[in-house]
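*Asks:* Given chain A's structure and the hints, the job is docking chains R and V onto it.
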Amino acid sequence: MRADALPLLAAAIAAWLAIGALGLVRPLAFAFVSRLLFPLGALVALLVAGIALLATAEPVATLVLPLGLPDLPFHLRLDPLSAFFLALLGAATCAVSLFSTDYFRPSEGTAPGLVAFQYHVFVASMATVLIADDAYLFMVAWEAMALASYFLVITEHRIAAIRDAGFLYLFIAHIGAIAILLTFGVLQGGSGDYTFDGMRAARLQGAWPSLGFLLALVGFGAKAGLLPLHVWLPEAHPAAPSPVSALMSGVMLKTAIYALLRVTFDLLHAVVWWWGVVVLVVGLLTALFGVVFAAAQTDMKRLLAYSSMENIGIIAAGVGLAILFRAHDKTLLAAIALTAVLYHCLNHAMFKTLLFLATGAVLHATRERSLGRLGGLIRRMPWVAWLALVGTLAIAGLPPLNGFVSEWLLLQAFLFTPSLPQSFVNMLVPLAAGALVLAVALAAYVMVKFYGVVFLGRPRDPDLAHAHDAGRYERVALAGLAAACVLLGVLPTFVIGVIDRVNTMLVGAAVIRPGVSSWLLLAPIDAQRASYSPLVMLAVVVAVVVLAIQVVHRLYHGRVRTTGAWNCGSPEPTPRMQDSAEGFGQPIRQVFEPFFRMTRELPSAFDAEPRYRVTIDDPFRYWLYRPIARVMEKLAGYLGLIQHGRISAYLALSFATLIVLLFFVR
Amino acid sequence: MPAVPLYAQLINLLAAVLLLLAFAMLSQRRVLSLIDLFAAQGAALALSTAIVAWATGQRHLYWSAGLTLGLKVLVLPWILRRLIHRLDIEWEFERLINIPTTMLIGIVLVVFAFNLAVPIAELANTVTRSTLGIALACVMLSFLMMITRRKAISQVLGFLAMENGLFFAATSATYGMPMVVELGIALDVLVGVLILGVFFFQIRDRLDSLGFANLERSRDDD
Amino acid sequence: MTATAYLSQVLQVAVALALAPILVGWINQCRAWLQGRRAPPLMLPYRTLRKLFVKDAVIATNASPVFRLAPYVVFGAMCCAAAIVPSLATDLPFARAADAIALVGLFALARVFIALAAMDIGTAFGSMGARREMFVGFLAEPALLMVLFTASLISGSTSLPAIVDALAHRDFGIYPSLAFAGVAFTMVSLAENARIPVDNPATHLELTMIHEAMVLEYSARHLALIEWSAALKLFNYSCIGLALFLPFGIADGSDWRALVGAAPLLIAKLAAGGAALALIETLSAKLRIFRAPEFLGTAFLLAVLGMLVNLLLGS
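Residue numbers (my numbering), protein chains in the order written: chain A, 158 to 823; chain R, 11 to 232; chain V, 8 to 322.
Bound-form chain A, shown alone (with noise of 0.2 Å):
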């Protein structure tokens, strides 16, 4: 086991690729394809997890593959960092995999085998994300990821709008790389040394370094989907199939931080300040964004989308926070924020991960996704129902599950801020912070909104009487989601033990120090300035409950009648008196009215027919993606004018340029 991980896990990428390969030599056999690939793709996701958890303890490996272009060849590396996103990779997929196994039919668009190509294709290139050591492989992976996903967003491609957000995606996609490209430009410092190890040791002067974490922090976060670079995000999450979304929105989103982190905190050292506030800043911004706009959707998925946003943002904030406290040696304070990051990117794989499952089960069984035609399904899918309550639950930053350990430990990040030398920052910090708890604090919102429109209440369509519980595979992924939701939340001191191998490697500090934290305790500082134990925490509730119920039922009685609700004595409530959608989010729209664009059709009294219709619009599409996209029309238009359509001219043209670069390179 020793030094043979970063073998093994090279295997495990190519397992992958051989299984895709597979699909495609019988591309339309449906059930070789979902019962043999699929499950395959899963036992090697589990293998990934265990190995790379294990690999998390190990010193750092190398490995040289002699592949890629001749002179070129792809350097591998495994340290505790990229171990640590493997396993979460591995996890999430283990269980996107298993659920897949009964979620693709035969009739959608792209070809079956043709999906688990590119399915596997994506998983592949992303874990080669996580193992790359040069630029070069980096791209490659980088690109490839990008692509797969890309077509299996556009998998039911008969449908334009699909295809309008598979190109969003794609576009801004490659606006990242681009921004990617020139950041690995800069970092080699004009050494010509394309490998990590190279950049590591490369120390930039002057602009340099500053002016390489602005382009990663451009490319990596339309990835991520960071303000202003995120209009693709709540586009092509829901046009995916919701396994693709659970991938994309659960690991993709998180390469994204790998990425930055691996280039601020190993290749850059994170010397800057200033760095650390445009990142929390951003990431606050993108938060508070992210989850005001989730309020007012009306389509579940894409309710998801958006509060993957909000995630992100929460992420990045605490990135910034530990690059501050980086840049100004506080490595104990450094190590807590990084350890609130990784910990919310490992949160936020289980619990957005099974959420998009659960809706893809939901959206299996009804054929409906639309938050307005939904409802009381916890009646008809009592399985995905109460293991989407624990998504939710721990979604909305409750405690004791796992949400909620992350969201603690950043507070307490922020809590403990009040010595930077700046004091314009330590003023941002109670701004920030406040920030910070407004987005979690919506986010329950939300997801009451979501549980409770989807899951409870009575159906708002007679159709959902039909709706049927999801396949024994999917129960069994969900619930292994659902199962990983509560262990991160019950015992953080495990996890944090897992996370501070890359808390050393990075910031040189571990937030579980013996005598200061127990198994049963986590104390990040001292005992004496804040303790949790969400273990204790959860007995106490559960005993509580239990006695609860025992001493009323033997004091009193357990008797109970059923018959129609009450409803205040109104007779026959009917399902559409119930909030819709839209009217669970209208106080948020109220509230927040200048920041939407949005457009409303109120129905008159004497319409015999009244409809009430609200969309909302991406503000930024309209004012920043707009005026661009005219400016650039523009130039085009003026670019055509010399386009004649004549071969000669365009030779002459080409001939022209050819003249005038030999001229100045002369």
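Source of the hints: derived by calculation from the structure; they are not laboratory data. The reader is advised that the hints may include incorrect statements.
Simulated DEER-style distance windows between Cβ atoms [to be verified]: (1) Ala765/A to Phe153/R: 53 to 61 Å; (2) Trp676/A to Lys58/V: 43 to 51 Å; (3) Glu750/A to Tyr72/R: 50 to 58 Å.
No residue lacks a Cβ here, since even glycine has one placed at the ideal position from N, Cα and C.
*Replies:* Relative to the frame of chain A, chains R and V by itself:
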């Protein structure tokens, strides 16, 4: 904070109260409550001046405190209330202010003022120098209040509150100005309010309202 | 951690359970007096609880298990919270497991569960109540957390007993930032406990309800638990307020005699606080629901301001 003497703690507390009242004024729509808040601000100011006088043994500051008490807690609110009564606008209130947004801008101003005051406060050598930031914030908040209001009388109150902030900066952070200056300012404020009172009647007689929106319209006519 | 510590822990929860309904009764009495009505008996909430426990539970045919579980979860969360907030003593073993942030998390847990239960039956009033409760919560929760943060910046700890220790048992000091926190906290606790000006606990008009609209479908033992939890929530909020702003007299745990002395003091402080609450409720008018964000936004910003002032003056 054990190293800080008691009087300084009290002054810090009163500074916080002043800031709190400035925010309360910023978010208050009713004119009458605005006057009450202004009077409370005056009382806090008088108290803090008296404490400074007691702590530093500067006798003239007692006079200054008494003057503040008399003028800002008793006389000015009395004049203003009478004015409101005579003008019959007791139940008027401001309509078009978005309170959360105004408060948010207020917070940004506070951060700005605090940062602005940090280097200045380092020059001073008094124990209570950190209150300078709060005084500055009070001035800015009152300014903001004058900007956001449409009614003449609330703008006058904003102006008076701004003077409160300045006065607090003078007494608490630097332990007072010369007596002559204080007397002069006090007299100026009193005269200013009296003149404004006369103006109110004039404006109302001409335009039948005290909103500044009307003034904007009448500019072209006259 | 001695036996006394565990004893005070258990005692504190027991006292909370016992006193919470009386506190509600006391506030109702004060309100009646202030409004010139004849006061209901102090023990009326107890009688109501007993009556509710004895009755048969009636629930809607389409109620899911979430609906039946929610009252117990809410009750459990509130008991848990009562164990964290130092009302009698600061030597609380359980408070090590959950600090101020976890306390806010517990309140949020209770809120989410009761909102989900309200949406479960699928009635118009239920979902309206749930929406409004979450709406009030999304601003009140950050404001409460900011208030607690102000206190923890002063004491350098997020553990509530440590905060009380720092505020009450160290050198006497005046903390200006607590003035802001105090105003913000008062506003938050009015909103969170369904009090005027945000909600009206005595209303009978469905369209103006928040808390009551959510629990309309509950009856008998479920309703009893919810009522008791609401009383406990009020009690917890009162104790948080006392712990932050009047922390004197809370036993620091080494001695059981201090514990005995702390109890009457707590009752006296609660009685005064309850009377003040009744006074505020009598003096203010209920806000339109869309003025509520203004009210709570003000509270939130004041709490943030408290932290800023603390940074400026505390350094």
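*Asks:* Now look at each hint and say whether the structure bears it out.
*Replies:* So, going through the hints one by one against the coordinates:
1. Ala765/A to Phe153/R: 53 to 61 Å: holds (55 Å)
2. Trp676/A to Lys58/V: 43 to 51 Å: holds (47 Å)
3. Glu750/A to Tyr72/R: 50 to 58 Å: Holds, at about 53 Å.
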